[in-house]
Amino acid sequence: MAKYILQRIIYMFITLFIIATVSFFLMKLLPGSPFAMEGKLSEEQLELMKARYGLDQPIPVQYFNYITNVAQGDLGVSFQFDNREVSTLIMKKLGPSLQLGALALGFGMVVGMLLGIAAAIKHNTFIDYGSTFLAVIGKSIPSFVFAGMLQYYIAVKLGWLPAAFWEGPRYMILPTIALAMFPIATAARFMRTEMLEVLGSDFITTARAKGLNSVLVTFKHGLRNAVIPLITVVGPLAVALMTGNLVIENIFAIPGLGEQFVKSITTNDYPMIMGTTLFFSFLFIFIVLVVDILYGIIDPRIRLAGGKD
Amino acid sequence: MANEEHKYNKDRFEPIEISEEKGEELSRPQLSYLQDSWIRLKKNKGAIIGLLILLFIGFMAIFGPYMNNYTFKEQDSNITNVPPRVQGLENISWLGLDGKETEVLEGESVEALKEKALYVFETEPEFIESKVIQEATEDEMAKVEFTNDIYAARGIQDEYYWFGTDQLGRDLWTRTWSGTRISLYIAILAATIDMVIGVIYGGVSAYYGGRVDNYMQRIVEILVGIPNLVVVILMILVLEPGILSITIALTITGWIGMARVIRGNVLKLKNQEFVLASRTLGSSDSRILMKHLVPNVTGLIIINTMFTIPGAIFFEAFLSFIGLGLQPPLASLGTLIDDAFKSFQIYPYMLVFPSVIISLIMVAFNVLADGLRDALDPKMRE
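Going down the list, the protein sequences come from chains C and R. full-length UniProt numbering applies: residue 1 is where the first sequence begins, and numbers increase by one. full-length UniProt numbering applies: residue 1 is where the second sequence begins, and numbers increase by one.
These are computed hints drawn from the structure, not numbers from a lab. Worth double-checking, as some hints may not be accurate.
Estimated spans, in silico, between C-beta atoms of each pair [stated by the list, open to error]:
#, chain 1, residue 1, chain 2, residue 2, range
1, C, F165, R, K73, 31 to 41 Å
2, C, G168, R, K73, 41 to 51 Å
3, C, L216, R, P295, 41 to 51 Å
4, C, F203, R, E240, 58 to 68 Å
5, C, G168, R, I200, 49 to 59 Å
6, C, M1, R, N271, 27 to 37 Å
7, C, I154, R, I222, 13 to 23 Å
8, R, E240, C, L46, 17 to 27 Å
9, R, I222, C, Q99, 45 to 55 Å
10, R, I48, C, M1, 41 to 51 Å
11, C, G54, R, V238, 13 to 23 Å
12, C, L94, R, A112, 24 to 34 Å
13, R, I62, C, L98, 37 to 47 Å
14, R, Q167, C, V215, 57 to 67 Å
Quick partial rundown of chain C residues pointing at chain R, CB under 7 Å, derived from the structure [stated by the list, open to error]:
#, residue
15, I19
16, S140
17, T243
18, L246
19, S281
None of the values given here were measured: they were computed from a predicted structure. Note that beta-carbon positions come from the ideal geometry of N, C-alpha and C, so glycine has one too.
I would like the entire structure built from these sequences, with the hints used as guidance.
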């Protein structure tokens with residue numbers, strides 16, 4: 001196990017190093033200058049500005065400095081919000097994004113699981129078809145379309161909930177539901193398949209044959225075994241939620257990392273783009289790593305397969 | 001009666017000639033793999049509906065823009081933000097396709113409201129119809145529903161904008177269908193490129209095995225760790241948004257899923273007896289790959305590609321949404337939705353049509369892909 005974790009961590013660092021390198025050189029290829037917004041600058045002023053941000057040095061030196069700084073957790077200073085550290089800005093904006101992501105993940109998993117269990121227990125009935133239909137819809141309809149519908153009908157037309165901003169529990173309901181559609185769909189499908197498989201296995205038949213209470217069999221024997229593999233979908237879901245976050249935060253004007261990222265793209269704020277990219281990648285890789293390790297601990301059969309595949 | 005039918009007498013039988021060849025004869029028509037799958041697919045109602053929806057949308061994407069005389073980039077400041085109006089459906093008011101805008105205003109008196117309505121709609125009295133919902137009393141304000149006939153007010157009674165027009169007076173019917181065309185084009189192109197690269201990479205990696213496989217898999221392991229969101233955004237930033245650059249950005253990490261699936265299956269297949277038999281008979285590597293391994297993974301390739309396409313459509317729309325989409329006057333479903341979002345509380349019809357179409361495409365592709373998975377590979381059925 002220790003060897004497996006170590007191997008995975010080494011891969012994580014190689015991947016992060018490559019992302020940092022690639023994003024650094026891509027940024028250097030970018031059209032447009034970060035100082036274009038500053039109005040007309042004289043040659044001299046431009047030189048001074050470049051020197052201040054270290055942009056006058058040769059590219060290899062800039063690259064070396066960048067990597068050393070990143071390794072120490074220093075992502076540079078933002079061009080956009082003068083002289084604020086990128087890492088500080090990210091940490092400041094992270095709160096709402098994490099809240100939204102966690103809420104959507106939690107809500108989505110719980111609702112999805114319930115739907116999946118209901119579908120499996122009432123296999124091939126109206127409930128099953130309804131839940132499957134909901135899963136297809138949730139997986140297919142883009143989050144921005146769904147968010148737009150919620151915002152228009154519930155917030156604007158009916159006025160039940162606020163249409164934008166992030167200032168309290170009431171503000172969190174619509175964005176959470178909009179973002180949770182995908183987790184609901186994924187969890188429901190996955191849970192249904194797993195539950196059907198477990199309920200069809202021999203030990204369930206044995207438990208039933210012994211005359212155990214059928215509710216007890218379904219929930220104690222069946223559910224326990226069906227829930228474990230659900231951990232594997234958390235990784236991909238977290239990634240989908242990050243993508244969704246960018247959109248939902250913009251639609252509902254939530255002051256989070258996603259909104260900030262879109263802003264930094266439109267203003268050519270290189271350090272901010274690179275910093276956020278690296279941070280996203282780190283978060284993504286870290287979540288996948290934790291999920292894989294957790295799964296390896298819970299179900300030792302995975303470790304063997306994971307090592308070989 | 002049933003008994004009658006079961007009465008057999010001798011002369012109803014005739015002896016047959018027994019021959020070796022007859023035993024080998026096939027009594028049913030031989031079905032190829034695809035025919036067999038088609039029979040299974042036909043039984044899946046959802047998948048067939050999905051297929052029909054896709055055929056319809058595909059047809060409209062190709063011919064829709066030519067169905068009226070407007071172009072997707074022609075601007076006219078006189079006809080901005082005109083709601084949809086359709087011949088024949090214009091008299092059914094609840095459909096919202098009558099080219100009129102309706103608003104309920106509240107104020108102190110009915111007369112004052114009529115003045116206000118002229119100002120709100122920026123129009124002349126003869127084009128406004130008013131319906132008093134509630135007269136002003138001592139406790140309550142007056143409520144009047146006004147309906148403005150925009151087509152008459154703008155002097156375009158003879159025109160029909162089936163989906164309305166946008167902020168710049170461009171016909172949304174034409175824009176929506178040409179946008180659908182571009183979205184589908186990008187998605188299908190990206191999925192095809194993913195397929196080609198993925199199949200070759202996965203096939204080579206698995207078939208040659210050993211050190212080649214080892215190195216190729218290390219590369220995949222590193223690439224798979226990079227979130228494609230990040231890759232796509234970085235690539236678009238560098239390449240400048242356009243049809244080709246969006247397609248390239250989508251394919252950079254898109255092929256990895258296909259490569260992994262193909263590798264796993266080829267690894268399993270290549271050690272089976274029929275491959276060994278073929279090799280014993282002296283087949284070359286390329287013959288084994290093309291004649292034995294590729295046909296056995298065809299189903300997987302089709303299924304995987306079908307699942308890639310809706311993903312690509314979503315990502316293209318997503319890019320438009322964060323400001324990295326196609327540049328005007330070109331439109332895709334994503335840019336149309338993004339534009340409509342800017343004013344959708346006043347002009348919701350602009351958002352409705354592209355949203356419905358993109359949702360239909362996504363649902364149809366997912367349902368069809370599910371059906372194809374069951375039809376092409378019954379073992380994978382959930």
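We went through each hint and held it up to the structure:
The given range of 31 to 41 Å is respected by F165/C and K73/R, whose C-beta atoms sit roughly 36 Å from each other. Under the hint 41 to 51 Å, the C-beta atoms of G168/C and K73/R, about 45 Å apart, fit the expected range. Restraint check, L216/C to P295/R: a C-beta distance of roughly 49 Å satisfies the suggested window 41 to 51 Å. Taken as a hint, the range 58 to 68 Å holds for the pair F203/C and E240/R, whose Cβ atoms sit roughly 59 Å apart.
Separation of G168/C from I200/R is about 54 Å and conforms to the stated range, judged on CB atoms against 49 to 59 Å. About 30 Å separates the C-beta atoms of M1/C and N271/R, a value consistent with the hinted range of 27 to 37 Å. At roughly 44 Å, the beta carbons of I154/C and I222/R sit outside the given window of 13 to 23 Å. Taking the beta carbon of each, E240/R and L46/C are about 24 Å apart, inside 17 to 27 Å as hinted.
For I222/R and Q99/C, the Cβ-Cβ distance of about 32 Å falls outside the hinted range of 45 to 55 Å, so the restraint is violated. A C-beta distance of roughly 49 Å is found between I48/R and M1/C, which places it inside the suggested range of 41 to 51 Å. Separation of G54/C from V238/R is about 21 Å and conforms to the stated range, judged on CB atoms against 13 to 23 Å. Look at L94/C against A112/R: about 51 Å separates their beta carbons, and that is not inside 24 to 34 Å.
The given range of 37 to 47 Å is respected by I62/R and L98/C, whose C-beta atoms sit roughly 45 Å from each other. For the pair Q167/R and V215/C, the beta carbons lie near 58 Å from each other, so the given range of 57 to 67 Å is met. Hint status for I19/C relative to chain R: holds, with the closest Cβ pair at about 6 Å, below 7 Å. Look at S140/C: its Cβ gets to within about 4 Å of chain R, closer than 7 Å, so that hint holds up.
A hinted interface residue such as T243/C counts as satisfied when its beta carbon comes closer than 7 Å to some beta carbon of chain R; here the least separation is about 5 Å, so the hint holds. Interface restraint check: L246/C against chain R, minimum CB-CB distance 6 Å, threshold 7 Å, status holds. The criterion of a C-beta within 7 Å of any C-beta in chain R is met by S281/C, whose closest approach is roughly 6 Å, and the hint holds.
Hints 7, 9, 12, counting from the list given before, are not met by this structure.
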